[in-house]
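J.: These are the residues of each chain, in order.
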Amino acid sequence: MEKIQLKINGRLYSVKVNPNWTLLKVLRQILGLTGTKCGCATGDCGACKVLVNGEAVKSCTLLARKAQGKEIVTIEGLSRGGELHPVQRAFIETGAVQCGFCTPGMIIAAKALLDKNPNPSREEICEALQDNLCRCTGYVKIIEAVELAAAWLKGGTNGASGECATGGQVVGKGRPLRDAVDKVTGRTVYMADMRLPGMLYGRVLFSPVAHARIKRIDVSKAEALPGVRAVVTYKDSPRVPYNSALRFKGHDIPHDEYIFDDTVRYLGDRVAAVAADDPETAEKALRLIEVEYEELPAVFDPEEALKPEAPPVHEGGNLIKKLEAAAGDVERALDGADYVFTDRIKLPIVTHVALEPHASLAQFDAAAGKLTVWSANQNIFATRIILSEIFGLSVNKVRVIKPPVGGAFGGKLEAILEPVAALLSLKSGKPVLVEMKRRDIMVSTRTRHSAVYYLKTGVKKDGTIVGQDITAYFNTGAYASSALNVPSAMMDKAFRLYRIPNLRVTVYPVYTNCPVAGAMRGYGSPQLMAAREIHLDKVARKLGLDPVEFRRRNLVRPGDINPRFGTSLGNCRVLDCLEKGAERFGWEAKSRQPKGGRFRRGIGVAAGNHGNGTFGVHVDMTTVALKMNEDGTLTMFTGTQDLGQGSTTMMCMVVAQVLGLSPDQIEVVEADTELTPWDLGTYASRGVWVSGNAALKAAQSIRRQLIEVAASMLGVKEEDLELGGGFAYCRHSPDKKVSLQDIVVAAQLSKEGSREIRAYESFASVAGPNSYGVHFAEVEVDTETGEVKVLNYVAVHDVGRAINPLLVEGQIEGGIQMGLGYGLTEELILDKRSGKVINATLKGYKLFRAKDMPRVEVLLVEEGESPGPFGAKSIGEAATVPVAPAVVNAVADALGVEFDELPVTPQRILAKLRRTP
Amino acid sequence: MHKFDYVKARSLEEALRALSQGGEKACALAGGTDLLVGFRAEDARLRHIELVVDIGDLTELAYIREENGCVALGALTTHAAIAESSLIRVAAPFLATACSQVGSPQIRNRGTVGGNLCNASPAADTLPVLVALEAEVVLRSLGGERRVPVSRFVEGPHRTGLRPGELVTEVRFNRPLPGSRTCFIKLGRRKAMSIARLSIAVLLRTGDGGVVEEIRLVPGAALPVPARVTAAEEILRGQGLTVELAREAGEKLAQEMVRITGQRWSTPYKVPAIAALTRRAILTAGGLEDVATRSQA
Ligand SMILES: Cc1cc2nc3c(=O)[nH]c(=O)nc-3n(C[C@H](O)[C@H](O)[C@H](O)COP(=O)(O)OP(=O)(O)OC[C@H]3O[C@@H](n4cnc5c(N)ncnc54)[C@H](O)[C@@H]3O)c2cc1C
Ligand code: FES
Ligand code: FES
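Chains V and G are the protein sequences, given in the same order.
Read in order, the letters of the first sequence are residues 1 to 917 in the numbering used here.
Read in order, the letters of the second sequence are residues 1 to 297 in the numbering used here.
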């Protein structure tokens, strides 16, 4: 240890450091300046950027010692005396902040740029942000934010605006996230920023082999290492099987996973875990655990895994359960078709890459027999059930709390680290924070199911689809997780996009020794639409039909009947999306462009749909509680788990609209199993549809109570009263009014029965329509290198009604970034022999960066969907569904070739081109 | 993260002494852009390191100068400094181009040419250019000084002839003859959408009547060790440059790559890409129009 001095945010700090400590470690761990984030620790994400003598530097790549004598500015140093820096303000204003995890690094990079170049072009902005990753925003609003900040700085203003009167129209007006200020200043406390007294650091050991029995495991050396407080293996693990994807008590899905088992089933499976005084000791201890494996044969391909000779991953064989859904008579329809086209399309394993690494903190209080877990998690109530079952605790002795989450996309829906953290805390008697490295997150959390699709479509000469038969093999990896739910959800979507009277979808979810597949944004829809939209494009071209025209002839119309259930599809406005988008994109004109030369342009279109909650599948309920306070403000309690997408902001807007308040007057207590009412979890795009409706219901109850009290105070009839601007007033003589605070106080102090104005309302979903989108992409392909540049992008979505258009756009733009990766670049590549993921780094796994993004235009179709609050329906997942096929169809169009495997990388493009000279 | 001791050298002398004491277990730290990432990622190649000698403050090792037709770069010269140097831009423009395309602005401000060399990544951008320039590495230790051509100094991916106790202090090369034209092109590797990290460095001099008198072709990230591909050079030497010959040379170079590295999973895709890249670079250096140019703006 050695003493150094660091000048940070104008203050001189004296710290003792080890020579190998990075500036990031010193900032976060020693000085508690946790505004600077760690998304990888290997120089690949930019979340840790700070200013060093005015340059934006990734603090995870700079030794603390080397930072001596330099001027360091962190995100905390940007807003002096509470006054936000214009860059910070611009990030808020433009909606560039979602989960906020990339935000400090982005703002620092932007500040460094603008200090040197007050007039940056779009290209220069992308260049400055090229090593800052964001998974939420698609960079669109971030780039806008930098442009806006530049304009403000040039104009000498700081962008402070004096808006925000109470009342008025709230729903339908764009509004930044309610916690955006915390996020731009680095004040948000994410999981890894939390500290408890006496807290230990937990690390997990992952299997280096794909399939093996543990013959011997010796932890004595690890336990003997000073500073190590607990080591756990399968010998300490309760022998209670669970399914990490459980949604509610009694949910009937295969329970095949243990915290630790004596068998490992994929390269990356959990083997052991350590809790120690500091992270370095914990990591060192992992290396001291001796494990002897007896290797077993392994299988990595879902079709191979179904062969009789394939090694079983679990007892009972690799097929989990054949799933089938059908309408009409598919055989007859295909027999009677003018043409039948078939395809085999293969989809890769991809992963979420939320910028915030997975982490959980558990504290077991032995005296009280109570377990408290804080976790970056999307489903705290289900996690509570899982923990209570594993550890045999009554449900009220388990408390799960979700702090702010730095992006999830389904990757934090399942209980992965929580049981490990709990076990370590149980054994050590101390609170334990378990964190994962980026490399391990990419392999050992959850992935999107890879799949092989066989498609067969019968059409009439005019392009009308008469029948379709789809069979898919879904690779669920080593544990079942969502092996049944994801394909079932996928099958349901197949019946809701095109008018196909005779349709059958069959899915074989299969165990393999691959990383575990689970929930990921779109939950099966991206797979189905990628395969089917690419297939149908080929069909259209073979029929000589324009892809837009082909879709126009076959897409569902509002009020159409779902052929599988005989129920209405609701106000499905996908055709409007098609027409609006084709027009804005200039499809007609673009489709006439000639092709040739080295750089070839092409255009593509794809449609897609996704659900609104889980209605019809299983329970879909949430509860919202509201309490009025004495000054007319409100407190909302919700189990809804906001992940940065803005669901609680949306709920506040709904409540504010009903009560004539400003959303700022509502405080939210969120996602704590002990303090907030029950919720099913943040998944299935149920936020607006279910939580929005619950908020609406609770707000209406409050409204009735306020008006009831006000009516007696003012001596008027209830039906003559209206709420607005913080008052209840008479519709006919607005001067006759009483303020909400007076109402609340009057109710409290009333002699005739004092009462609190409060509501506790459950809402259970009553319908399950879909949200729709049609996307258009224009690309330019370099036929020499296979590189694709996405030039233009138009996305049109049927969202019923946008409660918060700013966040709706943000969801769509982020969904596009993720979908472009699915189509063109992202894939976890497994070594065929060992089953090792060979590109488990942010260098090897290619995410779209600011530079790679096209110009994106988002259009909304707002025709209302009646059971939704104010007619609104979901967007979160639907946003990413049509992207990959749209862009792949564009590449195919540019080159005149057909693709049958994603992602369409330069390698695959060149391979195709070489076969078709 | 990996544990090590750290000393900050205040003079070259001090650095050499520390490195010599540390022996096998010591290494230098220049800009740290490779080294720190390596430590964080728990790179096996760094597992034995116990002492890090920070040479980042030895400003005497950051210079670009020309003496008697020989251009010398101090080991601590950053990519940014090289990219902006008017001397380099005139004497060896492709070196300036290569350095201007390294990583991001932040990386260019910190990463050094010495570090790029010693890290010897197959994807290091200065390596093919330095080989094409037939540059030499100047190595210092307490025992004295030696010089090794870059092409021999780099022994394999992440392997060099650097001996314990030694420091690279300088890279030098003879200024190419007047009339030499150069070109460096790489596939954009920091973009999501690009194949491997292929690049190509070309140095070309034509004499009277456009006959190619000198040609050096060095691909990057294609061979285990960056080297001139003489078989491809032969095709052009002594000939008048044409689009067809450039294409042939490109294809030859790709074939040579396959011959030397064997077939790998990426080979079928690297072949057309490096062939095209080479053709384009030769034509650009030769001032000829490529046939396959952009069809529309
Ligand atoms: C995000 C990112 C992007 C990058 N992009 C590119 C790119 O596009 N192209 C490219 O070529 N590189 C790229 N790099 C790699 C890197 O920036 C360069 O290799 C850089 O030149 C290394 O120099 P350095 O001074 O930082 O080396 P250091 O990290 O300090 O050292 C690297 C190695 O060289 C040794 N060393 C350094 N100097 C000496 C010396 N004088 N004598 C003896 N040994 C020495 C060290 O011991 C160490 O082993 C990138 C790196 C990052 C993090
Ligand atoms: S944490 Fe430093 S770049 Fe990711
Ligand atoms: S807002 Fe950028 S990663 Fe979430």
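It should be emphasised that the hints constitute simulated quantities derived from the structure, not laboratory data.
One or more of the hints may lead you astray.
[Claimed, not checked] Below, simulated BS3-like cross-link-like pairs (lysine-lysine); rule was C-alpha separation at most 27 Å, straight line:
#1 LYS252(G) <-> LYS843(V)
#2 LYS7(V) <-> LYS191(G)
#3 LYS8(G) <-> LYS912(V)
#4 LYS25(G) <-> LYS912(V)
#5 LYS235(V) <-> LYS3(V)
#6 LYS3(G) <-> LYS70(V)
#7 LYS191(G) <-> LYS116(V)
#8 LYS3(G) <-> LYS346(V)
#9 LYS25(G) <-> LYS221(V)
#10 LYS249(V) <-> LYS307(V)
#11 LYS191(G) <-> LYS16(V)
#12 LYS321(V) <-> LYS284(V)
#13 LYS16(V) <-> LYS3(G)
#14 LYS8(G) <-> LYS595(V)
#15 LYS191(G) <-> LYS284(V)
#16 LYS851(V) <-> LYS25(G)
#17 LYS252(G) <-> LYS7(V)
#18 LYS3(V) <-> LYS25(G)
#19 LYS851(V) <-> LYS590(V)
#20 LYS580(V) <-> LYS595(V)
#21 LYS789(V) <-> LYS25(G)
#22 LYS836(V) <-> LYS252(G)
#23 LYS427(V) <-> LYS397(V)
#24 LYS3(G) <-> LYS221(V)
#25 LYS836(V) <-> LYS307(V)
#26 LYS851(V) <-> LYS284(V)
#27 LYS397(V) <-> LYS456(V)
#28 LYS3(V) <-> LYS252(G)
#29 LYS697(V) <-> LYS16(V)
#30 LYS8(G) <-> LYS70(V)
#31 LYS627(V) <-> LYS542(V)
#32 LYS249(V) <-> LYS346(V)
#33 LYS221(V) <-> LYS284(V)
#34 LYS284(V) <-> LYS3(G)
#35 LYS16(V) <-> LYS252(G)
#36 LYS843(V) <-> LYS8(G)
#37 LYS3(V) <-> LYS191(G)
[What the hints assert, rightly or not] Over the 10 Å line for every Cβ pair with chain G, so calculated as not near, a few chain V residues:
#38 LYS58
#39 LYS66
#40 ALA128
For every residue, glycine included, the Cβ atom is placed at its ideal position computed from N, Cα and C.
J.: Does each hint hold? Answer for all of them.
T.: Cross-check of the supplied hints:
no.: 1; hint: LYS252(G) <-> LYS843(V); result: 31 Å, violated
no.: 2; hint: LYS7(V) <-> LYS191(G); result: 35 Å, violated
no.: 3; hint: LYS8(G) <-> LYS912(V); result: 54 Å, violated
no.: 4; hint: LYS25(G) <-> LYS912(V); result: 49 Å, violated
no.: 5; hint: LYS235(V) <-> LYS3(V); result: 43 Å, violated
no.: 6; hint: LYS3(G) <-> LYS70(V); result: 24 Å, holds
no.: 7; hint: LYS191(G) <-> LYS116(V); result: 24 Å, holds
no.: 8; hint: LYS3(G) <-> LYS346(V); result: 45 Å, violated
no.: 9; hint: LYS25(G) <-> LYS221(V); result: 25 Å, holds
no.: 10; hint: LYS249(V) <-> LYS307(V); result: 35 Å, violated
no.: 11; hint: LYS191(G) <-> LYS16(V); result: 39 Å, violated
no.: 12; hint: LYS321(V) <-> LYS284(V); result: 42 Å, violated
no.: 13; hint: LYS16(V) <-> LYS3(G); result: 15 Å, holds
no.: 14; hint: LYS8(G) <-> LYS595(V); result: 59 Å, violated
no.: 15; hint: LYS191(G) <-> LYS284(V); result: 35 Å, violated
no.: 16; hint: LYS851(V) <-> LYS25(G); result: 40 Å, violated
no.: 17; hint: LYS252(G) <-> LYS7(V); result: 56 Å, violated
no.: 18; hint: LYS3(V) <-> LYS25(G); result: 24 Å, holds
no.: 19; hint: LYS851(V) <-> LYS590(V); result: 24 Å, holds
no.: 20; hint: LYS580(V) <-> LYS595(V); result: 26 Å, holds
no.: 21; hint: LYS789(V) <-> LYS25(G); result: 46 Å, violated
no.: 22; hint: LYS836(V) <-> LYS252(G); result: 35 Å, violated
no.: 23; hint: LYS427(V) <-> LYS397(V); result: 17 Å, holds
no.: 24; hint: LYS3(G) <-> LYS221(V); result: 19 Å, holds
no.: 25; hint: LYS836(V) <-> LYS307(V); result: 22 Å, holds
no.: 26; hint: LYS851(V) <-> LYS284(V); result: 39 Å, violated
no.: 27; hint: LYS397(V) <-> LYS456(V); result: 53 Å, violated
no.: 28; hint: LYS3(V) <-> LYS252(G); result: 59 Å, violated
no.: 29; hint: LYS697(V) <-> LYS16(V); result: 56 Å, violated
no.: 30; hint: LYS8(G) <-> LYS70(V); result: 15 Å, holds
no.: 31; hint: LYS627(V) <-> LYS542(V); result: 62 Å, violated
no.: 32; hint: LYS249(V) <-> LYS346(V); result: 35 Å, violated
no.: 33; hint: LYS221(V) <-> LYS284(V); result: 11 Å, holds
no.: 34; hint: LYS284(V) <-> LYS3(G); result: 10 Å, holds
no.: 35; hint: LYS16(V) <-> LYS252(G); result: 58 Å, violated
no.: 36; hint: LYS843(V) <-> LYS8(G); result: 30 Å, violated
no.: 37; hint: LYS3(V) <-> LYS191(G); result: 40 Å, violated
no.: 38; hint: LYS58; result: 7 Å, violated
no.: 39; hint: LYS66; result: 6 Å, violated
no.: 40; hint: ALA128; result: 7 Å, violated
Checked against the numbered hints given earlier, this structure breaks hints 1, 2, 3, 4, 5, 8, 10, 11, 12, 14, 15, 16, 17, 21, 22, 26, 27, 28, 29, 31, 32, 35, 36, 37, 38, 39, 40; the rest are met.
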